[in-house]
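S.K.: Protein chains in written order, with our numbering: chain A, -10 to 271; chain B, -10 to 271; chain C, -10 to 271; chain D, -10 to 271.
Careful, some of the hints might be misleading.
Any copy, or any two copies together, can satisfy a pair, since identical chains are not distinguished.
[Unchecked claim] Result set (DSS-like, lysine-lysine): computed pairs, CA atoms no more than 30 Å apart in a straight line:
| hint | residue 1 | residue 2 |
| --- | --- | --- |
| 1 | K242 | K16 |
| 2 | K245 | K104 |
| 3 | K29 | K0 |
| 4 | K104 | K242 |
| 5 | K0 | K242 |
| 6 | K16 | K245 |
| 7 | K16 | K267 |
| 8 | K112 | K16 |
| 9 | K17 | K242 |
| 10 | K245 | K267 |
| 11 | K112 | K17 |
| 12 | K267 | K29 |
| 13 | K29 | K242 |
| 14 | K245 | K17 |
| 15 | K29 | K245 |
| 16 | K29 | K16 |
| 17 | K16 | K0 |
| 18 | K17 | K0 |
| 19 | K249 | K267 |
No lab work stands behind these hints: they were computed from the structure.
Number of protein chains: 4
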Amino acid sequence: MHLGIIANPHKNGSAATVLSLIDTLEKKGISTSLEDDTAKLIDGATGIPAPELAQQCDVVAVLGGDGTMLDAAHRIGPTDTPVAGINIGNLGFLTSCTDDELDIFADALLDLSYKVVPRILLKTTITHQDGSIEEDFAVNEITLSRGQTGRLISIDAFIDGALLNHYHADGLIVATPTGSTAYSLAAGGPLISPIASAFVVTPICPHSLTNRSLVLDDSSVVELTTAEESECPALYSIDGREVRELPRTSRIKVEKAGHKLHLIRLRDRSYFATLRQKLRWG
Amino acid sequence: MHLGIIANPHKNGSAATVLSLIDTLEKKGISTSLEDDTAKLIDGATGIPAPELAQQCDVVAVLGGDGTMLDAAHRIGPTDTPVAGINIGNLGFLTSCTDDELDIFADALLDLSYKVVPRILLKTTITHQDGSIEEDFAVNEITLSRGQTGRLISIDAFIDGALLNHYHADGLIVATPTGSTAYSLAAGGPLISPIASAFVVTPICPHSLTNRSLVLDDSSVVELTTAEESECPALYSIDGREVRELPRTSRIKVEKAGHKLHLIRLRDRSYFATLRQKLRWG
Amino acid sequence: MHLGIIANPHKNGSAATVLSLIDTLEKKGISTSLEDDTAKLIDGATGIPAPELAQQCDVVAVLGGDGTMLDAAHRIGPTDTPVAGINIGNLGFLTSCTDDELDIFADALLDLSYKVVPRILLKTTITHQDGSIEEDFAVNEITLSRGQTGRLISIDAFIDGALLNHYHADGLIVATPTGSTAYSLAAGGPLISPIASAFVVTPICPHSLTNRSLVLDDSSVVELTTAEESECPALYSIDGREVRELPRTSRIKVEKAGHKLHLIRLRDRSYFATLRQKLRWG
Amino acid sequence: MHLGIIANPHKNGSAATVLSLIDTLEKKGISTSLEDDTAKLIDGATGIPAPELAQQCDVVAVLGGDGTMLDAAHRIGPTDTPVAGINIGNLGFLTSCTDDELDIFADALLDLSYKVVPRILLKTTITHQDGSIEEDFAVNEITLSRGQTGRLISIDAFIDGALLNHYHADGLIVATPTGSTAYSLAAGGPLISPIASAFVVTPICPHSLTNRSLVLDDSSVVELTTAEESECPALYSIDGREVRELPRTSRIKVEKAGHKLHLIRLRDRSYFATLRQKLRWG
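Required output: the full structure, derived from the provided sequences and hints.
M.R.: See the structure below:
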């Protein structure tokens, strides 16, 4: 068992948790490698770029919360290597355990008593007027939204080639089951079980009150364009990262990605228990 | 091509539409049979019980709105025979055309230019304390709700054996994609594409504001019981039909049914167009 | 200072809290009287009916949660005497303190360091076809709802004589600011500051998705009738108490009551702090 | 009777409607004056600045939709002169009639058979760190929102000096009853009767699902600041007009304005009828 480690370099205490994790693992005979930026946190350590790290290791551990997990997933890129989030302090939707549980985590790795839960991802393809193409993938969601103009945007949405709707709204979210507990939820969307073969289109503050979230089969292809009458251009962002302007003549296609994110779940940890705790249903 | 006909016996004008449909079809060489209760609307006609009608015919036409379709689906029972709803006046979510379009409908039957769209159904299994079992199926939804007591009910919900939540609410709905435009929508649930392999658990006026709708993969098994602390017993109903009290010691299991409802969709009719029209998105 | 005491006779520990309260108060020179049913909890004690108790005392203390407060408000009836809820265990929206704070409460009474916060109430007048009239008042809300039929009810609502809407819904709530944190909130209604001169009409699971809550000036008069096309008669209840059927020819008028509920608030207790805690905004 | 006229200079057909209105009015003996920018639409006409126009006229007519009304209200500034919106084509929430009804409108002016409905406005006072102050007023709402960063903003809200909440959200709206049918509604807020002495604080896509709209008495003073931990600065805008960045050390106070907007309502026009039509409750 060889473990790769990626830590949030901006979180206080990351270095200490990395050292503590390495120590816990080595005592149990699990070797480790560090990702590039993570290595910089540790005196004298050398690191490997994230994609190579995932290739060389049996499991990648990510130290930090859900935001760090999102970031790591993008830095690693497509991989079949399972990823385990170790949250510092709290419990997250994406993380496997907290930093209080390093021993439990190490034991689970050793006796292979964990479960690997694949999460579907979205592939986004932006086709520009000149025919050029940009591809990316989303763990949580892709968001189209208005900028600072104070105006609504108008978005034409198509499902498998058929018009779904002309939306007049602050924006539109296409979210995975994983993303259903993030921005889509705040915008009024439903929760989606992580094993559902579905994703969801959720309008943000739609002008028409009947524009509810629409859950789609994950075989569906969603295409989005800025409508001609839109009062302002749309911005788009993936997983709440970099926000960019979508030229009015460009078209975004959103569909299920070819690869998945393989999350490690420790035995006896239930997704619904996390849901109850995070949403304070208790 | 042999067509079975079921009409809403309580709707004014049903008899006239039945006669008009028979006339239109026979002119084009399509023979027809009538269901029992429908035959009573027509002087001198004889009918066949709904299940036999479906067995003997290539297609069953149902004259009436979405409510009549629900009713017909239950009277027919499990069948692979496609069903076409002919709405009198309006457009419905389940119906294929309106009674203004009998010619178009007949032509589509003749040249087989229609599409058969299977809709998933829910199977409900109630296990009582004495071990006795009641089975049924739902086209739209199964609803647990409080009665006239003015008190909340408490429901324990389990997904695949794991606790989902203790709900304190006016009730709880488990709905199919087909049912997502019915009661679940009024209770705040999302729209679900009819081809999605999913169903949805929607609480009704939950005491906890974070108890959102939860979309599940249609391989999931939901089990519901009245919680011990419930202030009143739960009532249950299927597709808004007969309302019955669920004994506190009984358990309801809800899962995907083994059969589907096969709806006829005329060429060039889009589900999303119906959605836009019915929800006035236009 | 003479204090009347009403306790929830169905709550375990009520008797002990009553004795503890009497003890705490008498040590500080505050005399007490017990309400009828409360006196039955205490060996050898005699009580006074609730309305007389309120008349004879400077303050009425109610031991129990928000439900007990609602009940006590109805048993006392119209009065200017301030009421202080002493919650057993938790914090309530209506209660002034918890049973851990009896000393603080007694001191506040003695040095008059409390605030009296008047809460508006609703007066309901039901006019039956034969001209007979029933009057009552609501602390939280009056609810019209469907019974066990599984059918929607249709309600015609008028504001100051002008048609507001024909509602097709599970029901309709007219709530005070006090009631805005109760059933109306679960049905999707807004929070209303307790000092706002307003009440709110909130539909329950309306058929039309655009039927939002409507906040009215408290000078408004709301009239509700079952619409002719209603599939079933409406039930009504006040503050979630007794549920009764409203004859189809009867009419309910809802307006601000002539009297208020005078709640005691201890110094430095903020309504918004309670809101944050109860709704877990923290 | 002397009427001032303000038209939307960007709307096709404004000039024709202005001429038609002048013609209709003069035939009935009502004289007119034009606002500056409106005069530019008409060959050879001269105009008066909006504030002077309101001062010199008995009534100001605004040709255009709700957006034009908002704009005109800001250009006129505080005034007691009643304003009548004449919508081109549709019906608006703020407008008095459509351009098909110029005769009805003129007759109503002549025989004084209209009603003047005052609408409360919000006064906003921004206090910057250097002590400088900016004042403005809002007809619909003041909005604080995040910019293009993709990050949540954190806003501390105080009511009459007491902490209401630390919001983590896309933004926060403080809306008048008039604004309750605009952006606040899209963000999930309630409808508020135009005569209610209330305004409403509505969070936009709040991180916490229990952060509902809060209706306040219009005597309340709301103060908003960007919280220290906010991931990005807040933008603010008034009535969806110019969007500006709020320095992190600045503080916005929102309270009822000293003046109102006096809208003309024609006899027999009901606010609730407009509501039903605009929200398609019919």
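S.K.: Please write out, lowest number first, the hints stated earlier that are contradicted by the structure.
M.R.: 1, 5, 6, 7, 8, 9, 11, 12, 13, 14, 15
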